[in-house]
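S.K.: Single-letter residue listing:
2 protein chains.
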Amino acid sequence: MIRKILIAVCTKALALLAKGRGLIDQGDIRLTAAVSPLRAEPARDKLEPVQHLVAEDMADVNKLIVARLESRVDLIPQLAGHLVSAGGKRVRPMLTLIAADLCGYRGKRHHGLAAAVEFIHTATLLHDDVVDQSDLRRGNATANAVWGNKPSVLVGDFLFARAFQLMVEDGSIQVLKILSDASAVIAEGEVAQLITANDTETTEAAYMDVITSKTATLFAAAAELGAVVADRPQREADSLRSYGENLGIVFQLVDDVLDYNARAADLGKNVGDDFRDGKITLPVVLAFERGDDDERTFWQRTLEDGDQTPEDFVKALKLMESHGTLKDSMSRATDYAERAKEAIQDFPESPAKAAMLDLVDFCIERIY
Amino acid sequence: MIRKILIAVCTKALALLAKGRGLIDQGDIRLTAAVSPLRAEPARDKLEPVQHLVAEDMADVNKLIVARLESRVDLIPQLAGHLVSAGGKRVRPMLTLIAADLCGYRGKRHHGLAAAVEFIHTATLLHDDVVDQSDLRRGNATANAVWGNKPSVLVGDFLFARAFQLMVEDGSIQVLKILSDASAVIAEGEVAQLITANDTETTEAAYMDVITSKTATLFAAAAELGAVVADRPQREADSLRSYGENLGIVFQLVDDVLDYNARAADLGKNVGDDFRDGKITLPVVLAFERGDDDERTFWQRTLEDGDQTPEDFVKALKLMESHGTLKDSMSRATDYAERAKEAIQDFPESPAKAAMLDLVDFCIERIY
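Residue numbers (our numbering), protein chains in the order written: chain R, 703 to 1070; chain S, 703 to 1070.
Keep in mind that the hints were calculated from the coordinates and are not lab data.
You may find that some hints are simply not true.
Since the list gives no way to pick one copy over another, a pair counts as held whenever it fits inside one copy or between any two copies.
Claimed, not checked - Below 25 Å or equal to it, Euclidean Cα-Cα: the simulated DSS-like pairs (lysine-lysine) are:
id: 1; residue 1: Lys810; residue 2: Lys1055
id: 2; residue 1: Lys1020; residue 2: Lys1055
id: 3; residue 1: Lys810; residue 2: Lys879
id: 4; residue 1: Lys1020; residue 2: Lys981
id: 5; residue 1: Lys852; residue 2: Lys981
id: 6; residue 1: Lys1017; residue 2: Lys1029
id: 7; residue 1: Lys1043; residue 2: Lys765
id: 8; residue 1: Lys981; residue 2: Lys765
id: 9; residue 1: Lys791; residue 2: Lys748
id: 10; residue 1: Lys765; residue 2: Lys791
id: 11; residue 1: Lys1055; residue 2: Lys791
Turn these sequences into a full structure, and let the hints steer you where they fit.
M.R.: Encoded structure:
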């Protein structure tokens, strides 16, 4: 036990050290300057309305999450709890709760479904961190860094099963269909991402396809559940699905830009991780497309062959800046943000609707 | 692509070479002698009746499995198909089919559920092989050996989701409850196994608990589904569940003995794998319990510290032989085999019942 704690502490220390690897100082400051003129409002203000509206429900969801992490095998709540309590914003279960509110639902069914959504999300995070060999998430050491890959794979499986148990307790085949379909598409997206990994010739369309599957699908399902529990017509379920999907795309686009942004360190992300892992995200796709032969050779060496020097990250930032690819990625994000807002325009005005519109702005403004 | 094929071929060659590592010649022959006097019938004869009875249904299940492995991401059917088509006996889906036959069911619903059971099993195999870092399964290179750990984790997730999609198409919450509960217990068992891994002081009770969760639970669920599709009373579902659970325990006990048996090579297992991985199975638990201080030091060095020489496997076999632990493990298996048979005694005589009794004998006789 003491050995385990020692390993955990050392790993955490290593992870925190890695966070400050110092590859990003100069280039990063310039980058922030390059994208910040777009807007200037403090992002947190735009998250508050939805957090306030769902606060009571979310407290119940959190209790349910803790209760359903229980297992006769202690390591399961320890490992899963490490991630679940690591200060995520719970955006996905929040979507289920606020969408149900928008649909006028006043019962308790959505608590179990919101917990199921969070369990599916946490399971994919655990497996993602194993696949990506990440050591830091949300500013904390990842579960695989603390406990190793093996329990992370198996506890992910456990959470996935628990999610389905929660849906079974709810008893709706429609809910089970939405989340089992979503789970299959997410896994497909993850495998597709693995195939495009390190391929600098990935097109923007292929990139959009991957992030739609792996991220936006669960956002879409989470929001759609709000209409399902409220027993609203399919048209409203479709609108909420579209809202969730577009919001998910915004979320992932911004996340991928953040990986090249100074603010990211505050959000607990390893800045430059995507670059070091050779991940092909939109800022890279656009830079490769727009680059000359020398630049393409640079991207192939650093991202395909994984042959990097400490100066390469700063050079990557300069190339992105010169082609405006971070700014253009944010401009794509802003387009999807508009689509998300349009998707719910037919719902009557309400505090929930206003909060959902603010939530879209929040996802964009995380960058500043 | 050519690079991938080359890697696959080399890995396969390495795996086949590993199979013949030659650690087991002498000790193993003695071992077979030690357990073979119990029975002498050729095991295949006892598998034939059930295979014959479900042949037509199984052909449909196989078609369904191939159809539902399809994905717009080619790697998914490639990787999953590698394992699904690798010549497994399909014992678990077979259980669903024969149990439905026993209950007089004549429809088609059980095909989808049998496929779901096989998908859950295949998902756990993919994740198991990643966790165990195995390179050989059923005589073939494992998926993780050919394609690496990353796609194995993600394709496992995909299969798990597909299993739930198949259940959703069936539309029964009772079925979804049985298989989501089973999935949670399996994952718990796998995590528990990880904790007892390499601990030579594991008790027989702890070992039984792990194999009941990780193996017998899916056998139990698969058999129970037969009564559910046939809409039979709970009493019959419980009997079939008990049959499946006891059969699963027999299956795993025999599997663990086979890892120290010459015949195992014919079944495509890496003989001595459990020993090399430091896995604590019943033959080891009993040998440790019955050993003197010197012997316990041997088990601790080889299994806990993983400090092994090529001669150690032969010494392990000798210790097991001297304490009769392989024979006693088989005697435990025979007890559970009796319980499996008793569980279905109240069903009227039928070809299905006779085949299910034979199947129990088959699981025991795999050893010879």
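S.K.: So, for every hint listed, does it hold in this structure?
M.R.: Comparing the hints with the structure gives:
{"no.": "1", "hint": "Lys810 to Lys1055", "result": "within (20 Å within a copy, 46 Å between copies)"}
{"no.": "2", "hint": "Lys1020 to Lys1055", "result": "neither (40 Å within a copy, 73 Å between copies)"}
{"no.": "3", "hint": "Lys810 to Lys879", "result": "both (20 Å within a copy, 21 Å between copies)"}
{"no.": "4", "hint": "Lys1020 to Lys981", "result": "within (18 Å within a copy, 52 Å between copies)"}
{"no.": "5", "hint": "Lys852 to Lys981", "result": "both (24 Å within a copy, 15 Å between copies)"}
{"no.": "6", "hint": "Lys1017 to Lys1029", "result": "within (17 Å within a copy, 67 Å between copies)"}
{"no.": "7", "hint": "Lys1043 to Lys765", "result": "neither (31 Å within a copy, 44 Å between copies)"}
{"no.": "8", "hint": "Lys981 to Lys765", "result": "neither (36 Å within a copy, 37 Å between copies)"}
{"no.": "9", "hint": "Lys791 to Lys748", "result": "within (13 Å within a copy, 57 Å between copies)"}
{"no.": "10", "hint": "Lys765 to Lys791", "result": "within (15 Å within a copy, 44 Å between copies)"}
{"no.": "11", "hint": "Lys1055 to Lys791", "result": "within (19 Å within a copy, 55 Å between copies)"}
Hints 2, 7 and 8, counting from the list given before, are not met by this structure.
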